[in-house]
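Engineer: The lines below spell out each chain.
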Amino acid sequence: VSKADVDRREADANERAAAFMRTITTRRVVRDFSAKPVSHSDLRDVLTAGRWATRGSNSRIHRLLVVEDRQVIRQVRSFSPGMLGVPATLIVICTDPDLAAEAEVQLDRDVTPWIDVGTAAMNMMLAAHAFGLGSCPVTSFSKSAVAVVLKLPSGVVPEFMLQLGHPAAKRQPVARVASVTTLNDLVFWGTYGPLRTGC
Amino acid sequence: VGKRACAVRDDEAWELLAYLIASAELCTTEPHYYGTFRLIEAASRLMGFILANSVASNAWLAEFKSEVDEKKLWMLRDREAYFNFLKEAAAKLADGMTREAKTSEQG
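Protein sequences appear in the order of chains A and B.
The first sequence begins at 1 in this note's numbering and counts up by one.
The second sequence begins at 1001 in this note's numbering and counts up by one.
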């Protein structure tokens, strides 16, 4: 391998990393969506991003339910105070108790499934942003009511919903920021406490 | 406020009912200040229904709803400013309702 090859690979890696960091740092929650549908090509890519998320013990106890029927989305929204807009698509991450039993996951004692929901959700939000779509997580909803609206099988729990769609043309009001958590606020180096500084 | 008919459609009323019941459930687990957010959001939705169904236009209500929709989101980033807005909101509504009542009497 020549030095030129090594340099080119390094440059490619840096470029990919910079693009990835841009995706992370420019993503914002989108609460207002247009009625334009999300293409199934984009949707499949977003779902694929969810599929590739890390998961505890390599277990797959969640299933993703895609909802595109506007009437059903409105019904779900009625029981979802955390859902301010009306997205074109909803992706509902559901826990399947049968799959959990097969994997011997103790849902009442193990928090790992919650982490798995989070990793899948984050992957999908980043992928959505990369495709120019807007997304917004929803955790504030009545699980029992949403399960009824979505006709989920008995025992299947809707844990999390991802609103997905094209951002509305009108600009959302910029939220006031009273304080910003800096990297120094967030990270301690070596010893837990605010007095250390790092790189 | 006058006694003109103010229609809220059946589906809108049911939607608001569902929102309020679901919010009541969430208030058992969410931070206490989220309760205020659920109420101000319910108010926003009700204003939206009133504006969509009223025969007469209502500029001040439309403006108030727009202000609520902008400032309700302060709850996420600047809670003190959000709480101050909530303190002002009731007075603003009272002022608007008083002016609306006068208009109704004259009209």
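These are computed hints drawn from the structure, not numbers from a lab.
Check the hints yourself; a few may be wrong.
Stated by the list, open to error - If you want a taste of the chain A side facing chain B, the calculated C-beta under 8 Å gives, among others: (1) Ser57; (2) Asn58; (3) Ser78; (4) Thr191.
What the hints assert, rightly or not - Not close to chain B: a few residues of chain A, all C-beta gaps over 12 Å, as computed: (5) Lys3; (6) Asp32; (7) Asp69; (8) Arg74; (9) Gln75; (10) Arg77; (11) Phe79; (12) Pro97; (13) Leu186.
C-beta: ideal position from N, C-alpha, C; glycine also.
Engineer: A separate judgement is required for each hint: does it hold in the structure or not?
Structural biologist: Hints, verified against the model:
1. Ser57: violated, 27 Å
2. Asn58: violated, 31 Å
3. Ser78: For Ser78 (chain A), the interface hint holds, since the closest Cβ of chain B sits about 4 Å away, which is under 8 Å.
4. Thr191: violated, 30 Å
5. Lys3: Check passes; 49 Å lies beyond 12 Å.
6. Asp32: At roughly 10 Å from the nearest Cβ of chain B, Asp32 (chain A) sits no farther out than 12 Å, so the non-interface label is violated.
7. Asp69: holds, 16 Å
8. Arg74: violated, 7 Å
9. Gln75: violated, 8 Å
10. Arg77: Its Cβ does come within 12 Å of chain B, the nearest being 8 Å, so this is violated.
11. Phe79: violated, 4 Å
12. Pro97: Consistent with the label, Pro97 (chain A) stays out of reach of chain B, its closest Cβ about 21 Å off (over 12 Å).
13. Leu186: Leu186 (chain A) is indeed farther than 12 Å from all Cβ atoms of chain B, at 17 Å.
Violated hints, listed in ascending order, are 1, 2, 4, 6, 8, 9, 10, 11; each of the other numbered hints is respected by the structure.
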